[in-house]
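Take the sequence shown: its position 38, counting from 1, is numbered 18 in our numbering, and each next residue is one higher.
Please keep in mind that the hints were generated in silico from the structure rather than gathered at the bench. Possibly wrong hints are sitting among the right ones.
Taking CB as the label site, the calculated pair distances span [to be verified]:
{"no.": "1", "residue 1": "Ser29", "residue 2": "Val235", "range": "35 to 45 Å"}
{"no.": "2", "residue 1": "Phe116", "residue 2": "Val30", "range": "41 to 51 Å"}
{"no.": "3", "residue 1": "Glu31", "residue 2": "Ile52", "range": "23 to 33 Å"}
In silico DSS-like links for lysine-lysine, alpha-carbon gap of 27 Å or less [said to hold, decoys possible]:
{"no.": "4", "residue 1": "Lys167", "residue 2": "Lys252"}
{"no.": "5", "residue 1": "Lys(-4)", "residue 2": "Lys241"}
{"no.": "6", "residue 1": "Lys241", "residue 2": "Lys252"}
{"no.": "7", "residue 1": "Lys167", "residue 2": "Lys241"}
We put the beta carbon where it would ideally sit given N, CA and C, even for glycine.
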Amino acid sequence: MIGGRSFEGTRRRLRKLASIAVLMRLGNSLALGVLFWSFSRSFNAVKGSVEELFVAGAWVSIAAFSYVLNDICDVQIDRINHPRRPLPSEALGLQTACGIAMSLASLAILLTIRVWSHYGLVLLMALLGGISYSLFIRNSNVVLANLLTVALVACVPLSSILTRPTTDAVVLVFGLSVVIFMREVQKDIADLPGDLVGRPAAARSPWYRRNRFFYSLLLVLASISIYVGTRGAWGPRSLSFIAALPSLALVFALVVQAIRKDDPRLQSGLLKLACYLTVFCLLLASNKQ
-19 MIGGRSFEGT
-9 RRRLRKLASI
1 AVLMRLGNSL
11 ALGVLFWSFS
21 RSFNAVKGSV
31 EELFVAGAWV
41 SIAAFSYVLN
51 DICDVQIDRI
61 NHPRRPLPSE
71 ALGLQTACGI
81 AMSLASLAIL
91 LTIRVWSHYG
101 LVLLMALLGG
111 ISYSLFIRNS
121 NVVLANLLTV
131 ALVACVPLSS
141 ILTRPTTDAV
151 VLVFGLSVVI
161 FMREVQKDIA
171 DLPGDLVGRP
181 AAARSPWYRR
191 NRFFYSLLLV
201 LASISIYVGT
211 RGAWGPRSLS
221 FIAALPSLAL
231 VFALVVQAIR
241 KDDPRLQSGL
251 LKLACYLTVF
261 CLLLASNKQ
(Lines of atoms letter the chains of each structure in order from A and count residues from 1; the text may use other names and numbers.)
(Lines give C-alpha, C1' and ligand atoms only; values in the text may rest on other atoms or scores of the structure.)
Protein backbone atom coordinates (compact mmCIF):
# COMPACT_ATOMS: atom_id res chain seq x y z
CA MET A 1 0.00 0.00 0.00
CA ILE A 2 2.79 2.37 0.96
CA GLY A 3 4.74 1.37 -2.15
CA GLY A 4 1.66 2.02 -4.30
CA ARG A 5 1.23 5.52 -2.87
CA SER A 6 4.91 6.22 -3.38
CA PHE A 7 4.70 5.10 -7.02
CA GLU A 8 1.62 7.24 -7.61
CA GLY A 9 3.34 10.25 -6.07
CA THR A 10 6.39 9.74 -8.30
CA ARG A 11 4.18 9.45 -11.35
CA ARG A 12 2.41 12.71 -10.50
CA ARG A 13 5.72 14.49 -10.09
CA LEU A 14 6.95 13.15 -13.42
CA ARG A 15 3.74 14.30 -15.09
CA LYS A 16 4.21 17.75 -13.62
CA LEU A 17 7.81 17.91 -14.80
CA ALA A 18 6.68 16.82 -18.27
CA SER A 19 4.02 19.55 -18.26
CA ILE A 20 6.62 22.15 -17.25
CA ALA A 21 8.88 20.98 -20.08
CA VAL A 22 5.99 21.36 -22.55
CA LEU A 23 5.11 24.79 -21.15
CA MET A 24 8.72 25.92 -21.63
CA ARG A 25 8.91 24.25 -25.08
CA LEU A 26 12.09 22.75 -23.73
CA GLY A 27 13.09 21.22 -27.06
CA ASN A 28 12.84 24.53 -28.91
CA SER A 29 14.49 26.48 -26.10
CA LEU A 30 17.45 24.08 -25.87
CA ALA A 31 17.75 24.10 -29.67
CA LEU A 32 18.29 27.87 -29.58
CA GLY A 33 21.04 27.47 -27.00
CA VAL A 34 22.69 24.78 -29.11
CA LEU A 35 22.27 27.00 -32.18
CA PHE A 36 24.28 29.76 -30.53
CA TRP A 37 26.93 27.32 -29.28
CA SER A 38 27.36 25.51 -32.59
CA PHE A 39 27.18 28.71 -34.65
CA SER A 40 29.90 30.40 -32.64
CA ARG A 41 32.17 27.37 -32.88
CA SER A 42 31.45 26.57 -36.54
CA PHE A 43 32.08 30.10 -37.75
CA ASN A 44 34.99 30.82 -35.41
CA ALA A 45 33.55 33.68 -33.39
CA VAL A 46 34.56 32.10 -30.09
CA LYS A 47 36.08 28.76 -29.19
CA GLY A 48 34.41 27.01 -26.30
CA SER A 49 34.81 29.74 -23.66
CA VAL A 50 32.94 29.77 -20.35
CA GLU A 51 31.28 33.00 -21.47
CA GLU A 52 29.92 31.14 -24.49
CA LEU A 53 28.16 28.68 -22.16
CA PHE A 54 26.63 31.51 -20.14
CA VAL A 55 25.32 33.15 -23.31
CA ALA A 56 23.84 29.88 -24.54
CA GLY A 57 22.15 29.47 -21.15
CA ALA A 58 20.80 33.01 -21.37
CA TRP A 59 19.25 32.30 -24.77
CA VAL A 60 17.64 29.12 -23.43
CA SER A 61 16.22 31.04 -20.45
CA ILE A 62 14.91 33.90 -22.60
CA ALA A 63 13.27 31.51 -25.05
CA ALA A 64 11.67 29.41 -22.30
CA PHE A 65 10.43 32.54 -20.51
CA SER A 66 8.92 33.88 -23.73
CA TYR A 67 7.09 30.61 -24.37
CA VAL A 68 5.70 30.49 -20.83
CA LEU A 69 4.59 34.13 -20.92
CA ASN A 70 2.92 33.60 -24.27
CA ASP A 71 0.97 30.61 -22.95
CA ILE A 72 -0.11 32.60 -19.89
CA CYS A 73 -1.42 35.39 -22.12
CA ASP A 74 -3.05 32.98 -24.59
CA VAL A 75 -4.66 30.53 -22.17
CA GLN A 76 -8.21 31.30 -23.33
CA ILE A 77 -7.28 31.12 -27.02
CA ASP A 78 -5.40 27.87 -26.44
CA ARG A 79 -8.58 26.31 -25.05
CA ILE A 80 -9.70 26.34 -28.69
CA ASN A 81 -6.46 25.91 -30.61
CA HIS A 82 -4.38 23.76 -28.24
CA PRO A 83 -6.60 22.31 -25.50
CA ARG A 84 -3.98 19.71 -24.51
CA ARG A 85 -1.35 22.26 -23.54
CA PRO A 86 -0.58 22.39 -19.80
CA LEU A 87 -2.55 25.54 -18.95
CA PRO A 88 -5.82 24.98 -20.87
CA SER A 89 -5.83 21.31 -19.84
CA GLU A 90 -5.20 22.40 -16.23
CA ALA A 91 -2.20 20.10 -15.92
CA LEU A 92 -0.53 23.17 -14.45
CA GLY A 93 -2.15 26.10 -12.67
CA LEU A 94 -1.81 29.70 -13.75
CA GLN A 95 -0.06 30.59 -10.50
CA THR A 96 2.53 27.87 -11.09
CA ALA A 97 3.12 29.13 -14.63
CA CYS A 98 3.62 32.69 -13.36
CA GLY A 99 6.16 31.42 -10.84
CA ILE A 100 8.04 29.56 -13.59
CA ALA A 101 8.01 32.66 -15.80
CA MET A 102 9.41 34.83 -12.99
CA SER A 103 12.13 32.27 -12.25
CA LEU A 104 13.16 32.06 -15.90
CA ALA A 105 13.16 35.84 -16.29
CA SER A 106 15.34 36.19 -13.18
CA LEU A 107 17.77 33.57 -14.48
CA ALA A 108 17.90 35.29 -17.88
CA ILE A 109 18.65 38.66 -16.25
CA LEU A 110 21.40 37.19 -14.06
CA LEU A 111 23.07 35.51 -17.03
CA THR A 112 22.71 38.69 -19.09
CA ILE A 113 24.47 40.69 -16.38
CA ARG A 114 27.21 38.04 -16.28
CA VAL A 115 28.01 38.52 -20.00
CA TRP A 116 27.00 42.18 -20.27
CA SER A 117 30.26 43.48 -21.77
CA HIS A 118 29.90 41.55 -25.04
CA TYR A 119 26.33 40.24 -25.27
CA GLY A 120 24.27 42.09 -22.67
CA LEU A 121 22.51 44.56 -24.94
CA VAL A 122 21.30 42.02 -27.51
CA LEU A 123 20.13 39.63 -24.76
CA LEU A 124 18.24 42.42 -22.98
CA MET A 125 16.61 43.49 -26.24
CA ALA A 126 15.55 39.89 -26.90
CA LEU A 127 14.03 39.61 -23.43
CA LEU A 128 12.08 42.84 -23.89
CA GLY A 129 11.08 41.70 -27.37
CA GLY A 130 9.61 38.50 -25.99
CA ILE A 131 7.60 40.48 -23.45
CA SER A 132 6.37 42.93 -26.09
CA TYR A 133 5.34 40.08 -28.38
CA SER A 134 3.05 38.44 -25.83
CA LEU A 135 1.64 41.54 -24.14
CA PHE A 136 1.17 43.91 -27.06
CA ILE A 137 2.17 43.00 -30.61
CA ARG A 138 0.66 39.52 -30.99
CA ASN A 139 -2.81 40.84 -30.18
CA SER A 140 -2.69 43.81 -32.53
CA ASN A 141 -0.71 43.11 -35.70
CA VAL A 142 0.04 39.65 -37.11
CA VAL A 143 2.62 40.94 -39.62
CA LEU A 144 4.66 42.69 -36.92
CA ALA A 145 4.31 39.61 -34.71
CA ASN A 146 5.71 37.37 -37.45
CA LEU A 147 8.60 39.74 -38.18
CA LEU A 148 9.43 40.13 -34.49
CA THR A 149 9.58 36.36 -34.07
CA VAL A 150 11.96 36.14 -37.02
CA ALA A 151 14.13 38.92 -35.58
CA LEU A 152 14.28 37.33 -32.13
CA VAL A 153 15.35 33.94 -33.51
CA ALA A 154 17.85 35.54 -35.90
CA CYS A 155 19.46 37.39 -32.97
CA VAL A 156 20.64 34.06 -31.54
CA PRO A 157 23.12 33.10 -34.28
CA LEU A 158 23.86 36.73 -35.19
CA SER A 159 24.99 37.45 -31.64
CA SER A 160 27.74 34.86 -32.08
CA ILE A 161 29.21 36.39 -35.24
CA LEU A 162 28.83 40.14 -34.66
CA THR A 163 32.59 40.65 -34.41
CA ARG A 164 33.55 38.21 -37.19
CA PRO A 165 30.72 37.81 -39.69
CA THR A 166 31.28 35.58 -42.72
CA THR A 167 29.28 35.26 -45.91
CA ASP A 168 28.30 31.65 -45.22
CA ALA A 169 27.10 32.53 -41.71
CA VAL A 170 25.00 35.49 -42.89
CA VAL A 171 23.46 33.40 -45.70
CA LEU A 172 22.60 30.66 -43.20
CA VAL A 173 20.95 33.16 -40.83
CA PHE A 174 18.92 34.47 -43.77
CA GLY A 175 17.79 30.96 -44.71
CA LEU A 176 16.80 30.16 -41.12
CA SER A 177 14.92 33.46 -40.88
CA VAL A 178 12.90 32.58 -43.97
CA VAL A 179 12.02 29.17 -42.51
CA ILE A 180 10.95 30.73 -39.20
CA PHE A 181 8.80 33.25 -41.06
CA MET A 182 7.10 30.51 -43.08
CA ARG A 183 6.51 28.45 -39.96
CA GLU A 184 4.88 31.40 -38.21
CA VAL A 185 2.59 31.84 -41.20
CA GLN A 186 1.58 28.17 -41.14
CA LYS A 187 0.99 28.29 -37.38
CA ASP A 188 -1.21 31.38 -37.85
CA ILE A 189 -3.32 29.53 -40.41
CA ALA A 190 -3.72 26.54 -38.09
CA ASP A 191 -4.58 28.76 -35.11
CA LEU A 192 -7.08 30.94 -36.94
CA PRO A 193 -10.21 29.53 -35.15
CA GLY A 194 -8.99 30.62 -31.74
CA ASP A 195 -7.52 33.88 -33.01
CA LEU A 196 -10.86 34.89 -34.51
CA VAL A 197 -12.38 34.60 -31.04
CA GLY A 198 -9.55 35.89 -28.87
CA ARG A 199 -7.85 38.51 -31.04
CA PRO A 200 -9.91 39.38 -34.13
CA ALA A 201 -7.70 42.38 -34.95
CA ALA A 202 -4.64 40.15 -35.28
CA ALA A 203 -6.54 37.43 -37.15
CA ARG A 204 -6.86 39.47 -40.33
CA SER A 205 -5.12 37.57 -43.09
CA PRO A 206 -2.16 39.35 -44.74
CA TRP A 207 -1.79 38.85 -48.48
CA TYR A 208 1.04 36.32 -48.15
CA ARG A 209 -0.77 33.92 -45.82
CA ARG A 210 -2.61 31.96 -48.54
CA ASN A 211 -0.30 32.74 -51.46
CA ARG A 212 1.04 29.32 -52.43
CA PHE A 213 3.41 30.61 -55.10
CA PHE A 214 5.02 32.98 -52.59
CA TYR A 215 5.29 30.16 -50.04
CA SER A 216 6.87 27.81 -52.60
CA LEU A 217 9.32 30.51 -53.67
CA LEU A 218 10.38 31.06 -50.06
CA LEU A 219 10.85 27.30 -49.59
CA VAL A 220 13.22 27.17 -52.56
CA LEU A 221 15.10 30.27 -51.40
CA ALA A 222 15.45 28.94 -47.86
CA SER A 223 16.58 25.53 -49.11
CA ILE A 224 19.39 27.04 -51.18
CA SER A 225 20.46 29.50 -48.47
CA ILE A 226 20.60 26.90 -45.71
CA TYR A 227 22.54 24.47 -47.90
CA VAL A 228 25.11 27.16 -48.73
CA GLY A 229 25.43 28.07 -45.06
CA THR A 230 25.69 24.54 -43.66
CA ARG A 231 28.10 23.58 -46.44
CA GLY A 232 30.24 26.54 -45.44
CA ALA A 233 30.23 25.39 -41.83
CA TRP A 234 31.34 21.90 -42.83
CA GLY A 235 33.93 23.03 -45.33
CA PRO A 236 34.22 22.33 -49.07
CA ARG A 237 35.91 18.94 -48.62
CA SER A 238 33.37 17.47 -46.20
CA LEU A 239 30.53 15.14 -47.05
CA SER A 240 27.81 17.22 -48.65
CA PHE A 241 24.96 14.84 -47.69
CA ILE A 242 24.93 15.85 -44.01
CA ALA A 243 24.98 19.54 -44.92
CA ALA A 244 22.08 18.89 -47.30
CA LEU A 245 19.76 17.31 -44.70
CA PRO A 246 17.92 20.55 -43.75
CA SER A 247 17.48 21.49 -47.40
CA LEU A 248 16.14 18.02 -48.20
CA ALA A 249 13.53 18.49 -45.47
CA LEU A 250 12.49 21.78 -47.10
CA VAL A 251 12.30 20.13 -50.53
CA PHE A 252 10.09 17.45 -48.98
CA ALA A 253 7.90 20.20 -47.50
CA LEU A 254 7.60 21.68 -50.99
CA VAL A 255 6.49 18.33 -52.42
CA VAL A 256 3.98 17.82 -49.58
CA GLN A 257 2.67 21.34 -50.10
CA ALA A 258 1.99 20.53 -53.74
CA ILE A 259 0.16 17.30 -52.82
CA ARG A 260 -1.66 18.38 -49.65
CA LYS A 261 -2.28 22.07 -50.15
CA ASP A 262 -4.24 22.77 -46.95
CA ASP A 263 -2.37 21.13 -44.11
CA PRO A 264 -0.69 23.95 -42.15
CA ARG A 265 0.12 21.81 -39.11
CA LEU A 266 2.00 19.31 -41.25
CA GLN A 267 3.88 22.11 -42.99
CA SER A 268 4.71 23.67 -39.64
CA GLY A 269 6.06 20.33 -38.43
CA LEU A 270 8.24 19.88 -41.52
CA LEU A 271 9.63 23.40 -41.19
CA LYS A 272 10.42 22.73 -37.55
CA LEU A 273 12.20 19.55 -38.61
CA ALA A 274 14.32 21.58 -41.05
CA CYS A 275 15.31 23.95 -38.22
CA TYR A 276 16.23 21.06 -35.94
CA LEU A 277 18.28 19.43 -38.69
CA THR A 278 20.11 22.70 -39.26
CA VAL A 279 21.06 22.86 -35.58
CA PHE A 280 22.10 19.20 -35.69
CA CYS A 281 24.31 19.76 -38.74
CA LEU A 282 25.94 22.80 -37.15
CA LEU A 283 26.55 20.90 -33.93
CA LEU A 284 28.31 18.13 -35.85
CA ALA A 285 30.28 20.69 -37.82
CA SER A 286 31.32 22.49 -34.64
CA ASN A 287 32.77 19.28 -33.23
CA LYS A 288 35.00 19.01 -36.30
CA GLN A 289 36.58 22.36 -35.65
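Taking the hints in turn, this is what the structure says about them:
1. Ser29 - Val235: 35 to 45 Å: holds, 42 Å
2. Phe116 - Val30: 41 to 51 Å: violated, 36 Å
3. Glu31 - Ile52: 23 to 33 Å: holds, 31 Å
4. Lys167 - Lys252: holds, 11 Å
5. Lys(-4) - Lys241: The hint is violated at about 37 Å.
6. Lys241 - Lys252: holds, 18 Å
7. Lys167 - Lys241: holds, 15 Å
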